[in-house]
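Peer 1: Below are the chains, spelled out letter by letter.
Number of protein chains: 4
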Amino acid sequence: MNASTDITASPSQSRKSDRTRQTILDAAAKLFREQGYRATTLRQIAGRAKIKAGSIYYYFDSKDQILDEVLELGIRVIHEAVEKAVADLPEKTSGRMRIETAVATHLHTVLQYNDYASANIQNIRHVSLAARNRNKDLRRAYAEYWHDLFDVAKRAGEIGKNVDLSIARLFLLGALNSTIDWYDPKQGSTKRLAENFCNMFFEGSEP
Amino acid sequence: MNASTDITASPSQSRKSDRTRQTILDAAAKLFREQGYRATTLRQIAGRAKIKAGSIYYYFDSKDQILDEVLELGIRVIHEAVEKAVADLPEKTSGRMRIETAVATHLHTVLQYNDYASANIQNIRHVSLAARNRNKDLRRAYAEYWHDLFDVAKRAGEIGKNVDLSIARLFLLGALNSTIDWYDPKQGSTKRLAENFCNMFFEGSEP
Amino acid sequence: MNASTDITASPSQSRKSDRTRQTILDAAAKLFREQGYRATTLRQIAGRAKIKAGSIYYYFDSKDQILDEVLELGIRVIHEAVEKAVADLPEKTSGRMRIETAVATHLHTVLQYNDYASANIQNIRHVSLAARNRNKDLRRAYAEYWHDLFDVAKRAGEIGKNVDLSIARLFLLGALNSTIDWYDPKQGSTKRLAENFCNMFFEGSEP
Amino acid sequence: MNASTDITASPSQSRKSDRTRQTILDAAAKLFREQGYRATTLRQIAGRAKIKAGSIYYYFDSKDQILDEVLELGIRVIHEAVEKAVADLPEKTSGRMRIETAVATHLHTVLQYNDYASANIQNIRHVSLAARNRNKDLRRAYAEYWHDLFDVAKRAGEIGKNVDLSIARLFLLGALNSTIDWYDPKQGSTKRLAENFCNMFFEGSEP
DNA sequence: AATGAATGAGCGTTCATTCAT
DNA sequence: TATGAATGAACGCTCATTCAT
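Protein chains in written order, with my numbering: chain A, 1 to 207; chain B, 1 to 207; chain C, 1 to 207; chain D, 1 to 207.
One should not assume that every hint holds.
Note that identical chains are pooled: a pair holds if it fits in a single copy or bridges any two copies.
As the list claims (entries may be wrong) - Once the Cα atoms are required to be at most 25 Å apart in a straight line, the calculated SDA-like pairs of lysine to any residue come out as:
| # | residue 1 | residue 2 |
| --- | --- | --- |
| 1 | K186 | S128 |
| 2 | K191 | R38 |
| 3 | K52 | E80 |
| 4 | K52 | D164 |
| 5 | K30 | G160 |
| 6 | K50 | E91 |
| 7 | K30 | S62 |
| 8 | K191 | E100 |
| 9 | K161 | D184 |
| 10 | K63 | A53 |
| 11 | K154 | N196 |
Hint data in this document are derived by calculation from the structure and do not stem from the laboratory.
All figures in this text were calculated on a predicted structure; none of them were measured in a lab.
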């Protein structure tokens with residue numbers, strides 16, 4: 001139905017209606033990321049999508065519903081990108097290497113490639129409880145995916161036995177997501193940043 | 001419960017005018033934290049402060065200015081709390097111990113004790129560029145404080161020679177601030193959490 | 001349930017185009033009656049008629065024109081039903097009996113059988129002056145029909161010589177039309193109600 | 001022209017705030033009567049009240065609430081006027097005379113003196129169920145008042161023993177309220193009209 | 001004959017802001 | 001110092017209407 005899930009924008013094969021719908025979502029994602037949900041008006045979204053504000057309602061029931069979809073796509077985009085990157089690794093790749101790949105991909109997706117991903121991270125806090133709840137399952141699924149990644153590494157002896165995996169996951173992902181606030185492409189690639197973060201995460205800062 | 005005034009209120013029982021001003025800021029901080037800046041109305045702030053909306057303008061020029069001050073107090077509150085806690089340590093305390101104290105205090109301040117601190121972290125992203133810029137110096141000062149903390153530890157050989165201190169700082173503080181999204185007092189004290197984080201930060205997750 | 005087509009639909013199984021037109025009018029009449037003109041949207045009408053909103057404009061120039069036609073059919077439906085019922089009486093039927101038949105039929109049509117009739121009575125007040133004017137001739141014709149009914153009865157000595165027929169007509173029809181507001185089929189048939197009203201009208205309430 | 005304030009508005013002693021509130025209600029009543037509820041915009045109401053649309057919300061929570069109050073005042077204004085007029089009659093006034101007074105006053109209030117009264121009669125049908133329910137008690141009380149009037153006359157032998165008082169009341173009030181649609185002051189006073197109606201009601205149209 | 005898509009004007013409502021008192 | 005009253009700009013949203021297909 002909604003072809004955006006391909007990973008977001010669909011190529012020109014889709015019908016015009018679908019493309020307009022997607023254009024609206026793209027515009028909304030960009031603006032939500034830049035200004036936040038409340039500060040973004042439907043007229044701004046419409047403006048970016050080169051339609052009139054009233055037309056949005058041909059595709060969406062409310063501004064809230066747009067946010068819902070943007071938020072949903074936000075996690076899915078990250079989750080799918082990460083999952084795919086890891087799945088593409090050779091089967092006997094180490095747990096640590098898998099995590100490093102996940103880190104690099106998460107970072108890359110959030111920082112480089114996707115308004116949806118950023119919009120999600122930026123807005124989830126200020127969004128109505130209802131919208132947050134609707135998003136909860138997807139977030140949980142992504143969290144579980146990371147948990148599994150960690151679990152595999154722990155079983156393989158690549159993560160210490162007494163490391164609390166939940167805390168570790170929140171620690172690492174918290175750090176990753178905070179990059180939105182300060183990452184500057186001029187100071188280095190996301191790949192380099194990912195390596196740095198992983199080294200710190202695995203080896204710590206001690207000499 | 002709301003101990004924000006412990007730190008921010010003027011020490012002496014200042015004039016009533018000053019107290020009202022502070023009450024407004026307290027109310028705003030609390031609401032900004034709970035709902036975000038855009039979703040908070042001046043009438044809500046006035047309501048909490050037990051005055052009428054129009055009266056706010058006797059103390060502040062605009063809603064924006066209130067945010068500015070809340071944001072400013074937000075960092076100062078953290079900065080001062082952390083600086084004081086570290087300064088109170090015995091002079092020969094190790095660099096790592098200093099950092100651990102800073103982490104614990106930062107976490108404690110953000111999670112337990114202060115609407116300003118939380119409001120700052122929650123809202124800084126969605127705030128106008130102007131407001132963000134006005135806040136920049138304070139943030140830089142706090143960043144430098146942490147940099148110094150790290151630098152001391154590095155010089156003392158407690159942090160590896162090839163650790164990029166800027167990245168390390170952003171990594172650690174990003175993780176710390178993300179706790180706002182998930183910290184649940186029922187699952188453990190901020191102190192315990194701080195220890196966990198520090199261990200992870202210094203020793204890494206490897207066995 | 002909705003028997004409006006009994007009276008309004010073209011006798012022959014007309015062309016599909018005509019049938020669609022009629023379906024739209026039926027849907028509009030029903031909705032206008034239930035919700036009023038302003039509260040009824042073209043999409044609701046289209047929905048009931050199982051077409052899309054845009055298609056309505058193939059049959060009508062505007063929502064206003066639909067109202068015009070519904071209003072027009074509203075009086076005609078009543079007028080024709082009443083005229084037919086009275087015409088079907090034996091030639092030497094008394095004037096009073098004719099009026100009683102007219103009352104019964106008017107009531108029956110408005111209360112039981114027709115969305116158009118009800119829609120007319122309910123909406124005429126809230127409708128633009130233009131629409132009201134366009135309706136005026138039909139209303140006058142119906143008024144004259146009643147006037148004649150009364151006139152005949154008066155000449156036959158069944159109505160008092162000094163009764164002002166215009167006032168009497170407005171009095172009686174006003175009472176009849178007000179039944180829309182309170183008539184409840186569970187409390188008695190329209191026939192019984194008509195008898196009651198006629199007795200009151202002719203004999204008065206005095207003992 | 002608009003004499004509604006005679007009955008509803010407080011005299012000039014009231015505070016300006018109260019006067020503005022009343023002005024809004026007056027404007028709304030007039031417009032609701034002329035155009036109906038749905039067709040009347042808050043900007044029109046504000047325009048008539050010589051304020052801006054936004055200011056209405058200082059006095060009312062919603063357009064709906066304005067209608068509520070107009071509707072409520074509508075019945076109260078009639079009820080109070082009628083009750084007072086009847087109460088002012090000498091104690092031994094006949095039942096019929098009381099009813100004639102009530103008829104004259106009801107008619108006078110609705111036709112001559114009050115937008116609220118007319119607005120009520122015109123709009124009650126097109127209003128939300130909630131508003132209608134809120135209005136129900138007042139309507140019932142007014143209906144009961146008339147019922148008592150009839151009951152007294154019946155006991156005094158001025159109304160026939162087998163007259164159904166409920167039907168009679170609905171019949172008479174239906175006729176009275178329908179005058180809104182056609183009454184023309186040029187054709188006779190409301191007083192004269194009331195006499196006509198009463199004669200018809202009591203004596204009937206038979207010779 | 002019918003529709004999907006889009007529009008534009010206007011709606012009820014909100015809210016930061018102003019200002020006389 | 002503080003407020004009651006008012007404002008104006010903008011908001012999310014609705015809907016009759018248009019028109020290419």
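Peer 1: Classify it for me, K186 with S128: is the Cα-Cα distance of at most 25 Å met within a copy, between copies, both or neither?
Peer 2: between (35 Å within a copy, 23 Å between copies)
Peer 1: If the cut is 25 Å between Cα atoms, do K30 and S62 qualify within a copy, between copies, both or neither?
Peer 2: within (18 Å within a copy, 28 Å between copies)
Peer 1: Given identical chains, is K161 near D184, meaning Cα to Cα at most 25 Å, within a copy, between copies, both, or neither?
Peer 2: For K161 and D184, the Cα distance is within 25 Å only across copies (24 Å; inside one copy 36 Å).
Peer 1: Within a copy, between copies, both or neither: where do K30 and G160 come within 25 Å Cα-Cα?
Peer 2: neither (40 Å within a copy, 40 Å between copies)
Peer 1: State whether the alpha carbon distance between K52 and E80 is at most 25 Å within one copy, between copies, both, or neither.
Peer 2: neither (32 Å within a copy, 39 Å between copies)
Peer 1: Using 25 Å as the alpha carbon limit, work out where K191 and E100 are close: within a copy, between copies, both or neither.
Peer 2: For K191 and E100, the Cα distance is within 25 Å only inside one copy (10 Å; across copies 29 Å).
Peer 1: Give the relationship of K154 and N196 under a CA distance limit of 25 Å: within one copy only, between copies only, both, or neither.
Peer 2: For K154 and N196, the Cα distance is within 25 Å both inside one copy (21 Å) and across copies (17 Å).
Peer 1: Is it within a copy, between copies, both, or neither that the alpha carbon of K50 lies no farther than 25 Å from that of E91?
Peer 2: Neither: 46 Å inside a copy, 57 Å across copies.
Peer 1: Pop the pair K52 and D164 into one bin, within, between, both or neither, using alpha-carbon distances up to 25 Å.
Peer 2: neither (51 Å within a copy, 49 Å between copies)
Peer 1: For K191 and R38, with the copy left unspecified, which applies at a CA distance of at most 25 Å: within, between, both, or neither?
Peer 2: Neither: 33 Å inside a copy, 35 Å across copies.
Peer 1: Give the relationship of K63 and A53 under a CA distance limit of 25 Å: within one copy only, between copies only, both, or neither.
Peer 2: Both, since 11 Å and 24 Å are each at most 25 Å.
The structure is inconsistent with the numbered hints 2, 3, 4, 5 and 6, although it conforms to all the rest.
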